[in-house]
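Q: Taken in order, these protein sequences are the chains called A and B.
Residue numbers for the first sequence follow the numbering used here, beginning at 1 and rising by one.
Residue numbers for the second sequence follow the numbering used here, beginning at 1 and rising by one.
Derived from the structure by calculation, the hints contain no laboratory data.
Just so you know, even glycine gets a beta-carbon here, dropped at the ideal spot from N, CA and C.
A hint or two may mislead.
Partial chain B-side listing against chain A, Cβ under 7 Å, derived [stated by the list, open to error]:
1) 211
2) 214
3) 316
4) 318
With the Cβ distance kept under 8 Å, some of the chain B side facing chain A (calculated, not the full set) [what the hints assert, rightly or not]:
5) 209
6) 274
7) 280
8) 317
9) 329
10) 400
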Amino acid sequence: MKLITAILKPFKLDEVKDALQAAGVTGMTVSEASGFGRQRGHTEVYRGAEYTVDLVPKVRLEVLVDDADAAAIVDVIVKAASTGSIGDGKVWTTPVDSIVRVRTGERGTDAI
Amino acid sequence: MEEIVLNSGDTAWVLASTALVLLMTPGLAFFYGGMVRAKSVLNMMMMSMVTIGIVSVLWVIYGFELAFGYKADSAWYGNISLSGLGGVVNDFTNNGGIYPIPVLVFAAFQLMFAIITPALISGAIADRTKFTAWAIFVAIWSTLVYFPVAHWVFAFGNKVGDTITGAGYLASKGVQDFAGGTAVHINAGAAGLALAIVIGKRIGWRKESMRPHSLPLVMLGAGLLWFGWFGFNAGSSLAANGTAALALINTQVAAAAAVLGWLLVEKVRNGHATSLGAASGAVAGLVAITPACAFVAPWAAVVIGLIAGAICALSVGIKYKLGFDDSLDVVAVHLIGGIWGSLAIGLFGSSAVNSLSLDGIFYGGGTALLGKQALGVGLVFAYSFIATLIIGYAIEKTIGFRVKKDAEVEGIDLNEHAETAYEMTSSSRGGSLL
Numbered sequence: 001m002k003l004i005t006a007i008l009k010p011f012k013l014d015e016v017k018d019a020l021q022a023a024g025v026t027g028m029t030v031s032e033a034s035g036f037g038r039q040r041g042h043t044e045v046y047r048g049a050e051y052t053v054d055l056v057p058k059v060r061l062e063v064l065v066d067d068a069d070a071a072a073i074v075d076v077i078v079k080a081a082s083t084g085s086i087g088d089g090k091v092w093t094t095p096v097d098s099i100v101r102v103r104t105g106e107r108g109t110d111a112i
Numbered sequence: 001m002e003e004i005v006l007n008s009g010d011t012a013w014v015l016a017s018t019a020l021v022l023l024m025t026p027g028l029a030f031f032y033g034g035m036v037r038a039k040s041v042l043n044m045m046m047m048s049m050v051t052i053g054i055v056s057v058l059w060v061i062y063g064f065e066l067a068f069g070y071k072a073d074s075a076w077y078g079n080i081s082l083s084g085l086g087g088v089v090n091d092f093t094n095n096g097g098i099y100p101i102p103v104l105v106f107a108a109f110q111l112m113f114a115i116i117t118p119a120l121i122s123g124a125i126a127d128r129t130k131f132t133a134w135a136i137f138v139a140i141w142s143t144l145v146y147f148p149v150a151h152w153v154f155a156f157g158n159k160v161g162d163t164i165t166g167a168g169y170l171a172s173k174g175v176q177d178f179a180g181g182t183a184v185h186i187n188a189g190a191a192g193l194a195l196a197i198v199i200g201k202r203i204g205w206r207k208e209s210m211r212p213h214s215l216p217l218v219m220l221g222a223g224l225l226w227f228g229w230f231g232f233n234a235g236s237s238l239a240a241n242g243t244a245a246l247a248l249i250n251t252q253v254a255a256a257a258a259v260l261g262w263l264l265v266e267k268v269r270n271g272h273a274t275s276l277g278a279a280s281g282a283v284a285g286l287v288a289i290t291p292a293c294a295f296v297a298p299w300a301a302v303v304i305g306l307i308a309g310a311i312c313a314l315s316v317g318i319k320y321k322l323g324f325d326d327s328l329d330v331v332a333v334h335l336i337g338g339i340w341g342s343l344a345i346g347l348f349g350s351s352a353v354n355s356l357s358l359d360g361i362f363y364g365g366g367t368a369l370l371g372k373q374a375l376g377v378g379l380v381f382a383y384s385f386i387a388t389l390i391i392g393y394a395i396e397k398t399i400g401f402r403v404k405k406d407a408e409v410e411g412i413d414l415n416e417h418a419e420t421a422y423e424m425t426s427s428s429r430g431g432s433l434l
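Could you build the full structure based on these sequences and the hints that come with them?
A: Have a look at this one:
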């Protein structure tokens with residue numbers, strides 16, 4: 001079992017969500033995040049005083065998948081999230097030891 | 001002697017103007033509140049709200065009498081009396097001439113000026129001032145600075161026949177200030193500068209980001225100020241007449257031109273015209289036209305506003321060069337704007353549009369009027385700055401003027417008021433009702 005974590009441009013969330021649902025993913029967790037990569041931040045000006053803002057708004061999307069599906073689902077996310085410009089984000093996978101569905105007590109891949 | 005008959009039109013206009021000017025102080029609270037960080041917005045707004053409370057009460061007890069009460073040959077303050085306005089209930093207003101409106105309407109109208117002037121100062125000392133110290137400061141400053149200065153500028157004395165007695169010093173010298181360029185804006189600006197020096201810089205000033213937390217609140221506040229300012233300026237005619245009309249149109253076009261002036265400076269200097277710049281420009285223009293609104297032609301109001309927007313925008317940099325933390329630019333907007341507007345009467349004042357019978361330099365009147373205006377500017381600035389330094393240091397040395405460092409960093413709203421402005425998350429923070 002794998003946890004796929006994707007950092008996305010906020011406006012790309014809907015496309016990625018729809019693409020994942022079309023690919024058979026039934027659940028996900030989305031949270032607001034902020035950060036920077038090679039894109040860096042931006043500059044704001046208030047009454048002539050310039051401020052650099054390092055952290056830009058991002059969305060963090062997390063999906064639990066079977067080992068066999070992981071590579072395909074990552075591709076789905078990357079394809080839907082890409083704009084080709086700097087700041088598109090990153091996607092990574094991490095191994096997951098155990099999963100329990102709270103309502104039924106099902107464990108492992110049955111709980112995905 | 002003919003009997004005075006109440007003029008219902010004049011009275012109605014000054015009553016309405018009184019309500020308009022009151023609204024400026026909550027408007028100022030929004031204007032300032034949006035400019036501070038989210039952890040300080042309630043304290044910023046509370047500094048204005050408590051000023052409404054304190055000054056209104058003082059005004060009834062002795063403030064109005066001290067500023068406008070009649071005492072023959074008293075150039076520096078009015079009447080010292082604790083009559084609580086009880087002695088003037090059935091009188092008409094006599095302020096350099098008899099106005100057919102009740103004294104109580106005049107007193108209520110002038111009260112709103114007495115409220116907003118100390119409230120303006122609060123922007124210079126945002127995020128870090130002990131609330132009780134501020135409240136005490138407002139009471140002392142109003143008593144020792146605003147009430148007397150309002151007498152110097154706005155008390156035109158009792159006129160009986162052709163004899164005027166008891167006029168304020170600057171009024172008797174012919175210094176012109178229609179609605180408060182000196183008494184309100186230079187006064188508040190000089191006091192803001194003094195208090196910013198007494199209280200010192202915010203922790204992290206010029207090192208960490210202190211950008212405005214809500215520009216929509218700033219825009220809302222600027223809108224309310226602009227709206228209320230029609231009462232401030234056009235109401236100061238104390239009559240529903242042509243002078244009120246001139247003041248009203250000049251107020252509108254000066255504020256509008258100053259929006260453009262400020263935005264032009266920003267666009268050229270920084271590359272972007274900002275919403276904070278538009279809101280600031282509007283207020284700068286309103287400040288500058290305040291003393292001049294009834295004395296200049298509308299085209300001159302446009303010029304005064306355009307220049308006000310530009311010089312106030314450029315003046316924001318003064319605090320960085322000299323190193324004082326005038327947090328919300330009371331000096332750049334109110335002091336500089338007030339000085340410019342007061343002096344501009346000496347340039348653009350025109351006997352064709354006003355009852356001064358005095359012309360400024362551009363109307364062939366020579367430098368006499370400008371000299372008088374400079375006297376008003378200099379005296380009010382010097383008195384307010386020095387008196388505020390003394391009051392400020394007295395409070396600093398006795399009860400302390402500033403919150404503790406950890407309280408300032410954690411947030412003055414939580415530590416001074418036991419409140420926070422915003423629920424930043426929808427999830428529970430735990431806890432229960434005690």
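Q: Evaluate each hint against the coordinates.
A: Cross-check of the supplied hints:
About 5 Å separates the beta-carbon of residue 211 of chain B from the nearest beta-carbon of chain A, less than 7 Å, and the hint is met. The interface hint given for residue 214 of chain B is broken, as the beta carbon of that residue sits about 12 Å from the closest beta carbon of chain A, more than 7 Å. Among the interface hints, the one on residue 316 of chain B holds; its C-beta lies about 5 Å from the nearest C-beta in chain A, closer than the 7 Å criterion. Interface restraint check: residue 318 of chain B against chain A, minimum CB-CB distance 11 Å, threshold 7 Å, status violated.
For residue 209 of chain B, the interface hint holds, the least distance from its beta-carbon to any beta-carbon of chain A being 5 Å, beneath 8 Å. Look at residue 274 of chain B: its Cβ gets to within about 6 Å of chain A, closer than 8 Å, so that hint holds up. The closest approach between the C-beta of residue 280 of chain B and any C-beta of chain A is roughly 6 Å, which is under the 8 Å cut-off, so the hint is satisfied. Nearest Cβ of chain A to the Cβ of residue 317 of chain B: about 6 Å, under the 8 Å cut. The hint holds.
The criterion of a C-beta within 8 Å of any C-beta in chain A is met by residue 329 of chain B, whose closest approach is roughly 6 Å, and the hint holds. Checking residue 400 of chain B against chain A by beta carbon gives a least distance of about 29 Å; that is not within 8 Å, so the hint is violated.
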